[in-house]
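Chemist: So the chains spell out like this:
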Amino acid sequence: MNDFISIASQPSVSAAVQFMILLPLLAGLALFCIPEKLRLYKGLITLVVSILTAYQAVIVYGTENLVLCLPGLPGTTQGSELINDACRYITFNLDKLSELVLIFISLFAFLIILYSLIYMREGKVRNYYAYFLITLGCSYGAVLSDNLLLFLIFWGLLGLTLYKLIHGHDEESSATAKKTLILIGASDSIMIIGIALIWRITGSLSISGVSVPTTNILTIIAFLALLTGSFTKAGAFPFHTWVPDYAKDAPASSSAYMPASLDKLLGIYFLARITMNIFELSDGLRLLLLSVGVISIISAVMMALIQHNYKRLLGFHAVSQVGYMILGFGLGSMIGIAAGLFHMVNNAIYKSGLFLSAGCVGYRTGKDEIEDLGGLSKMMPVTFITSLIFAMSISGVPPFNGFASKWMIYQGIIEFGSGAGAANKLWILWLALAVLGSALTLASFIKFIGGIFLSRRKTEFENVKEVPALMWLPLAVLALLCILFGVFATKVVVPRLFMPVSGTFEFPGFWDSSFVSLLVIISLALGFLIYAALNLKKFRREDSFIGGEKMQEQAAYPTPEFYKTFTEFRLLSVIYKKAEEKWFDIYDLSKRFVLWTSHLLSETHAGLLPGYVVWACAGIIIMLMIMI
Amino acid sequence: MNPLIPLFVIIPLAGAFLIMIIGKFLSGFGRYFTSAILLSLVVFSIYSLFTGSGTLSLYKVGGWEPVNRIPIGIYMVMDGFTVIVLCIINIIGFLSAFYSISYIKRYTSENFYYALFCLMTAGMNGVVLSGDLFNIFVFMEISVIAAYALVAFGVEKNELEATFKYQVLGCLASFMILIGIGFIYWKAKTLNIADIKEVLSSGYDRTYYLVVQILILSGFGLKAAIIPFHAWLPDAHSSAPSPISAMLSGVLIKAVGIYVIIRLFFNMFELSENMSVLITTLGALSMVIGVFLAIGQWDIKRLLAYHSISQMGYVVLSVGAGMILVAQGEKPEIATLAIAGGIFHLVNHAVFKGLLFLNAGAIEYTIGTRDLKEMGGLAKQMPATSATSFIASMSISGIPPFNGFFSKLIIIIACVMAKFYLLAALAVLVSIITLASFLKFQRYAFYNKTDRGREKTIKEVPFPMLFSMVIMSLLCVLLSLLAIPDIRDTILGPAIDILMDPVKYSTQIIGI
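For the protein sequence lines, the chains are W and Y, in the order given. Numbering-wise (this note's numbering), the first sequence opens with residue 1 and increments by one. Numbering-wise (this note's numbering), the second sequence opens with residue 629 and increments by one.
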């Protein structure tokens, strides 16, 4: 991929790279020393740091591909003797992909910190800002690292901060925190094997310098080990199970920051690295990626349909959307990669937006369940409109950005179908399931919007007010991005941002996002004209349409009730029941196995001394028998 | 002649007597005196670490010079490996002793405690410094008998039962070791390690020495609690007062178990591939079975004790993998890496396991229980304990940037490089389960709901306890620096050199 790697020590770029990684880390460590009472000032410091690093990210954007190695300790001109050798491990890689991801990391960090200033005023999480900054520094570090071991260190630290950004104050949230770190930490440990295998096979640890064909069993294991890390971070099937729980129990700003934006960016960034740079994929592995992609899409969206807790619903969608990105990278074509990256960015935009608006709703009402809410659209207009935009984006409604990237993925799949491999022959399956997933997403977001903002208003919410400007401003920016990225997708956004990474390609078929948007606007305008031209006083009031269900005598129809139909299909009901019992959760399955083994072994340790002596003697005798 | 060497034994030994005598008249003397003498030993050991720069130095007790290059006196030897173990013994010893200042106030007869503490330290220092088998045995008995008494220090039903088991199995171990030493003396006519190496190098009876090796391995394996000789450890380590648990788990099983096994198998016996495979297998078994036993525990100290078995498994596995490579005579650089990983993990384990036991002690000190189910929400009332135990838990589970991550990383990479894929996979699996069980500890102790009735009464522990915990957690972070190749070579390099080279140890001693 990188044709012109230059081991250069460009002073300005090198300084910017060090600055971006070290400043947030050091500032984060310093924030531990400031007492929690001065929380607002900690927030402001964090804001300043995020602006400074964002500025650096903008500066390095557009530099040529280069690999930097640090000459000695940062800050000193000459490395001391002891540290010289370590510099072989501290190498950074700047290319189009990392520059792209850096920009978006900075953007999300800035918007979410702005939101947190008000949202986290109560101090729900101790040392929130310190962990926030450490996360930021580590994300930059992970994206910039060229050495796999250095990458692993930053990557592992991110799991730690994720654990600390959740407030374990009761049974459920502590269990979630534990589950999250176990899954993330387990995947990091598995990645060590992959990295060690790469080191053994190629003798190099450089991301930009190796290219491993996946032909024998060892390289395939190495690939799968690294894939596990990427999937767990991004939250793809079957390692996704921490995401919905985290979304439910963590503060909304934490969920928006890590699982919704940064973890997605990083997980997919690493997926891009391993599929594009480190490994050359074989046909079988492509088939695997595509299958995992569609399974993620469908299984998660089916689970999202039956959720009652709106944050958990968003968590399942965070998993489902990853499926599309994996599809894009599974295709491996230029349009596939560009679509995968585009969808990654789009998803981060609308998903963090959704989490933040969920946070706004929670902030004003204190309710978690969709049943308990309703009719907030009039009280919280900005939140409502931005949520609507995000919901339409995620469901793939033109002209918003979610449609643009999904459309590119569909185009990629159709193009992929002309190939000869086994995976190519199944293109119609991938396409059908991807489109189905999109439709189901729309279905579940009607519940989200309808249940929270529309439907009948409860009396207890009469006095709910719109959130403060600092909280809705990030939402507005994200919503604007949703529209801009959707409308100008084909003309500006994809060619400028994503084609440098994937390579230049022509869009197959006739599709121009601006033109499509124009058509949408024209049709809306026409509709309005017709509505205005006819007598607008002449309409009738009807009771709410309830999807063809039988009207019953109950006074209120909580929106989630409509979705019960899904759970009542015969086959689905069995699957849903097993899913509730956590039969598909890799965490719970392995937990059961481990505890069962543990129980079995502890049975033998009854505390009887004669038994212990017999073991020791038996041990010696067996050793003697084997050896002699 | 290095005059510092005998001080490591003499100072604590004399300290133990002084405490008993002066402590009679001056209450509280032992309390501060123990910390003071251990602090001086810390200074000496760190001084030796940085000035010795890998050379081997000797102290011939009584000045008995060798006759015809055959050593006749008692030799005390300090080389690269010794000095590392000395550092951890004395640093952990000092911090535990300092911690005890507050912790042990609850018990009666403090003087006995501190005297035994000094004796135990003297014994451990003696074991690692001894250049001959008999003194290793004697010093081992000194430290272990002091440990028997310290385990029973609470004199309750549980403690007495635990110490009884410990003594019975400990005697079995001593018996096997003594028989093994006797067998060696019978054939080799000498007890000096370097001299035995010289004798063995001119040919020996393989089967005879195989039996000896197995006797020695099982004897010291019992002291090191390698499966299947581990059964005494969970009882003994969980019943002792917490600073003693920290010493037992953090240091004792290493100094009188792992250290001796490594020293004898590398520097005295000729490495054979079969024996190395056996040792590696035992290590892998301990690692896997230990962790499965640990995760089911609800008593914090039992949980920690079982993890000691598992973590010692890592050390044995890694060093054993290095042994196999050395025995095969292939890939010396990978063997170096494996042994470095093992020793690095040994040092790390001393620090984080010591810290975890001190944390457990702090929790027991404030709320009076070791049962995880009865705790909850302690993070708010005990922020420092919570933070330090979090660091220690993350270290032992191998999460960056703490020391445990780097040693496990080196171990796993070395296993993969040496093509021991199964071992690498097991190491990863065990690391994951370790993480799970320590997050269980974090969750039930520091997260979850606070017990309302208790909320007001809980306070952070007093300064001496805090100080020890904070220093150890700093060490957990700082030891990560050993992962940097050049620093690793400077500190661990001499130890690895002396172990890797089959004749360096003996020729240097005989030659001096």
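Quick caveat, the hints were computed from the structure, so don't treat them as lab data. Watch out, some of these pointers could steer you wrong.
[To be verified] Calculated lysine-lysine pairs in the BS3-like style (CA-CA distance at most 27 Å, straight line):
(1) K1001/Y with K1132/Y
(2) K96/W with K491/W
(3) K248/W with K733/Y
(4) K1001/Y with K367/W
(5) K124/W with K1001/Y
(6) K124/W with K688/Y
Just so it is clear, the structure is predicted and the values come from calculations on it, not from any experiment.
Chemist: Evaluate each hint against the coordinates.
Modeler: Hints, one by one, checked against the model:
1. K1001/Y with K1132/Y: violated (53 Å)
2. K96/W with K491/W: Roughly 19 Å between the alpha carbons, so the hint for K96/W and K491/W holds.
3. K248/W with K733/Y: With Cα atoms ~46 Å apart, K248/W and K733/Y exceed 27 Å; violated.
4. K1001/Y with K367/W: violated (30 Å)
5. K124/W with K1001/Y: holds (25 Å)
6. K124/W with K688/Y: Violated, at roughly 64 Å.
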